[in-house]
Amino acid sequence: MTDTVLRRGAAGRTRVIAWLQEYGVYAAVVTLFAFNAVFTPHFLAVDNFRTQLVQVAPIVIVALGMALVIGTEGVDLSVGSVMALASAVVALYLGYGALPAIAMAVLAGALIGGAGGALVAVVGVQPIVATLALLVGVRGLANVFLPQLREFTNPTLVALGSDSLAGVPIVVIVAVVLTAAVAFLVKRTTFGRQLVAVGGNREASRLSGLPVRRVLLTVYVLSGMLAAVAGVLATSRLQASDPTSLGLFMELSAITAVVVGGTPLTGGRVRVLGTVMGALLMQLLQATLIKHNLPQSWTQMAQAVIILAAVYAARERR
Amino acid sequence: MSLSAGRTARAATLLAAAVLVVSGCAKSENTAASPAPGGSDAQQQVVKTPSGPAGAGCTIDRHGATAFDLKTAVVGFSQSEKEANPFRIAETQSIKDEAAKIGIADLKVTNAQSQFSKQISDVQQLIAQGAQLLVIAPLNSDGWEPVLQQAAAKKVPIITIDRKINAKHCTDYLTFIGSDFVEQGRRAADQMIKALDGRGKVAILLGAPGNNVTTERTQGFKEQIAAKAPDIEITFEQTGEFAREKGQQVTEQLIQSNPDIDGIYAENDEMALGAVTALKGAGKKAGDVKIVSIDGTRGAVQGIVDGWIYGVVESNPRFGALAFETAQKFLNGESIPEKVVISDREYDETNAKDSVSQAY
Numbered sequence: 001m002t003d004t005v006l007r008r009g010a011a012g013r014t015r016v017i018a019w020l021q022e023y024g025v026y027a028a029v030v031t032l033f034a035f036n037a038v039f040t041p042h043f044l045a046v047d048n049f050r051t052q053l054v055q056v057a058p059i060v061i062v063a064l065g066m067a068l069v070i071g072t073e074g075v076d077l078s079v080g081s082v083m084a085l086a087s088a089v090v091a092l093y094l095g096y097g098a099l100p101a102i103a104m105a106v107l108a109g110a111l112i113g114g115a116g117g118a119l120v121a122v123v124g125v126q127p128i129v130a131t132l133a134l135l136v137g138v139r140g141l142a143n144v145f146l147p148q149l150r151e152f153t154n155p156t157l158v159a160l161g162s163d164s165l166a167g168v169p170i171v172v173i174v175a176v177v178l179t180a181a182v183a184f185l186v187k188r189t190t191f192g193r194q195l196v197a198v199g200g201n202r203e204a205s206r207l208s209g210l211p212v213r214r215v216l217l218t219v220y221v222l223s224g225m226l227a228a229v230a231g232v233l234a235t236s237r238l239q240a241s242d243p244t245s246l247g248l249f250m251e252l253s254a255i256t257a258v259v260v261g262g263t264p265l266t267g268g269r270v271r272v273l274g275t276v277m278g279a280l281l282m283q284l285l286q287a288t289l290i291k292h293n294l295p296q297s298w299t300q301m302a303q304a305v306i307i308l309a310a311v312y313a314a315r316e317r318r
Numbered sequence: 001m002s003l004s005a006g007r008t009a010r011a012a013t014l015l016a017a018a019v020l021v022v023s024g025c026a027k028s029e030n031t032a033a034s035p036a037p038g039g040s041d042a043q044q045q046v047v048k049t050p051s052g053p054a055g056a057g058c059t060i061d062r063h064g065a066t067a068f069d070l071k072t073a074v075v076g077f078s079q080s081e082k083e084a085n086p087f088r089i090a091e092t093q094s095i096k097d098e099a100a101k102i103g104i105a106d107l108k109v110t111n112a113q114s115q116f117s118k119q120i121s122d123v124q125q126l127i128a129q130g131a132q133l134l135v136i137a138p139l140n141s142d143g144w145e146p147v148l149q150q151a152a153a154k155k156v157p158i159i160t161i162d163r164k165i166n167a168k169h170c171t172d173y174l175t176f177i178g179s180d181f182v183e184q185g186r187r188a189a190d191q192m193i194k195a196l197d198g199r200g201k202v203a204i205l206l207g208a209p210g211n212n213v214t215t216e217r218t219q220g221f222k223e224q225i226a227a228k229a230p231d232i233e234i235t236f237e238q239t240g241e242f243a244r245e246k247g248q249q250v251t252e253q254l255i256q257s258n259p260d261i262d263g264i265y266a267e268n269d270e271m272a273l274g275a276v277t278a279l280k281g282a283g284k285k286a287g288d289v290k291i292v293s294i295d296g297t298r299g300a301v302q303g304i305v306d307g308w309i310y311g312v313v314e315s316n317p318r319f320g321a322l323a324f325e326t327a328q329k330f331l332n333g334e335s336i337p338e339k340v341v342i343s344d345r346e347y348d349e350t351n352a353k354d355s356v357s358q359a360y
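One line per chain: the protein sequences are H and A, in this order.
The numbers in full-length UniProt numbering rise by one with no breaks, and the one at position 212 of the first sequence is 212.
The numbers in full-length UniProt numbering rise by one with no breaks, and the one at position 228 of the second sequence is 228.
Read the hints as simulated data drawn from the structure, not as lab findings.
For each residue, glycine too, the CB sits at the ideal point set by N, CA and C.
Treat the hints loosely; a few may be bogus.
[To be verified] Examples of chain A residues toward chain H, derived with CB under 10 Å: (1) Asn85; (2) Pro86; (3) Thr235; (4) Glu237; (5) Thr239; (6) Glu241; (7) Ala243; (8) Glu245; (9) Lys246; (10) Gln248; (11) Gln249; (12) Val250; (13) Leu254; (14) Ser257; (15) Asn258; (16) Lys280.
Please take these sequences and the hints and turn them into a complete structure.
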């Protein structure tokens, strides 16, 4: 009798954890949202949602690339520096017009992603080491290109950061479109299947004839391009290019969003919507603490608690 | 493996080529061009407290150094942070310009890139290279013992600028030249009181946490508000980490949740400029929210001209003239006080337009 109760209790606990893994991040976002709706003045306002979404957009875009990389059991630490590089390149090429400058920035991101991907896929360097080298080096490169903050007035670029289409900021539209594209890539394309397979078991994938190197390389190139897009958007919002501080610690925010969103660091699985929710949760948390005028140290501790909870839930998977 | 090594080499060559291409045909927006800071019309520093109490000063006899000619001497300057913000750029430039002006032939300049251990070894290198005078912009105030011992053994006088070193006056260092950050905070408060007629709600964009500049600029501001304008309420204080982007993000949150805010005190110009972008984005008009900040960079002074910023208290980075003047006085046998406090200017709508070209 006690035995069955115990067993049922254990089964219940497993079920709870499984549910948390699947929907925990959504539940957390809803809870925090409800808390703010009740206790934070002026929270339920269109302007507020706009502010939160605009601020979270660059993090979401970077985290999408990060989720793909983590899906292959890798990590990309260079994303923050790539943002800075994209910002510098945009400022340097603005003389040709906004679109060519943005294209150059995304190309630069692709090149850095390609370099990281080549180190991982071809040379066989550990992803954390390869992209750590890029984290340091690319920030330096960005500072060489543009040693100091530079303001710009290019109307197209300024509009990209501050205008809206049908009431929705362009920055947010870009993030939504990219999220849909990445979700489609993961769920509906051969490449998506290959990516997950490579992350789940690289050796088996290789033996069964999957183009492992090409998949890895492509994933890092995509991550670099997404980081560059985020860098361009952040730059357009600031109306200034600031390679010294733009994107600092972005790799950590992105990894946090991915992990909190339920993508396991062991690879083999990519949760796109979960990642977006993870980023949203961290943004909402920070906004809550700022709006209630609590010190920043509280934000950091609260973030730590959420990360630990997410990792704990992930540990019980298997 | 040789195949992949070849491929890597090819990839590396491609990357190097790409870098050349990127820097080679760059063409930036030409509106960004601005005259180099620290030009000849730039405002030099003025001493506010020229001499300390009699007897407390440091003379060359008490210090133990032997007199030398500045022009032929080896002079070392150790900068703390990368010259990526207007303050550091103007500071280093001012030291170099002044050295050139008075004819110092051998000025050695190092930059610690915000790494304290690098700054220590930088200064040790300078001493090893025979520096007879050291001008240091310290990254930290503590942890200088190894350098101070070496300098004391060789009797090299040390002048620290913009931040202090916690050590013994005269035995360890000659003097500190810098601003009074508490006083800057008080003057910012005075401007805010004037802007709001002594009544309203004010938010503070704090600097980086755990930094004496942040602490002192906050302390001075709050003291002055409490003493002079009890009807001004400080309803919000969050860190913007001295960065423009963070200043913008925090201000966006602030004006959304506290739409009745009347004034913003930014502890440096970068955060103030971020706040301006946030206010513009929220559909506010110039002057709706009064912004007061500290530093006096060109962008912020231009902000006053444009009507977005109410006032700026200067933190003058042009230490060159004063540093070498102090060194010369010391070598001439004059007594040098422990602390040389410089007088900082103030910008508001009455003088901003004429001063933009002199701001750094």
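Hint-by-hint comparison with the structure:
For Asn85 of chain A, the interface hint holds, since its Cβ comes within 10 Å of a Cβ in chain H; the closest pair sits about 7 Å apart. Look at Pro86 of chain A: its Cβ gets to within about 8 Å of chain H, closer than 10 Å, so that hint holds up. With a least beta-carbon distance of about 8 Å to chain H, the hint placing Thr235 of chain A at the interface is held under the 10 Å criterion. Interface hint status for Glu237 of chain A: upheld, as the beta-carbon distance to the closest one in chain H is roughly 7 Å, under 10 Å.
For Thr239 of chain A, the interface hint holds, since its Cβ comes within 10 Å of a Cβ in chain H; the closest pair sits about 5 Å apart. The criterion of a C-beta within 10 Å of any C-beta in chain H is met by Glu241 of chain A, whose closest approach is roughly 8 Å, and the hint holds. For the restraint placing Ala243 of chain A at the interface with chain H, the shortest Cβ-Cβ distance is roughly 5 Å, inside the 10 Å limit, so the hint holds. Using the Cβ-Cβ criterion of 10 Å, the hint placing Glu245 of chain A at the interface with chain H is satisfied: the shortest such distance is roughly 5 Å.
Interface restraint check for Lys246 of chain A: the shortest CB-CB distance to chain H comes to about 8 Å, inside 10 Å, so the restraint holds. The beta carbon of Gln248 of chain A is positioned within 10 Å of a beta carbon in chain H (closest approach about 6 Å), and the interface hint is therefore held. Residue-level restraint check for Gln249 of chain A holds (minimum Cβ-Cβ distance to chain H is 6 Å; threshold 10 Å). Using the Cβ-Cβ criterion of 10 Å, the hint placing Val250 of chain A at the interface with chain H is satisfied: the shortest such distance is roughly 6 Å.
The interface hint given for Leu254 of chain A holds, since its Cβ lies 8 Å from the closest Cβ of chain H, which is under the 10 Å cut-off. Because the smallest distance between the Cβ of Ser257 of chain A and any Cβ of chain H comes to about 4 Å, under 10 Å, the interface hint for this residue holds. Taken as an interface hint, Asn258 of chain A checks out: its beta carbon lies about 8 Å from the nearest beta carbon of chain H, inside 10 Å. For Lys280 of chain A, the suggested interface contact is upheld, since its CB lies about 8 Å from the closest CB of chain H, less than 10 Å.
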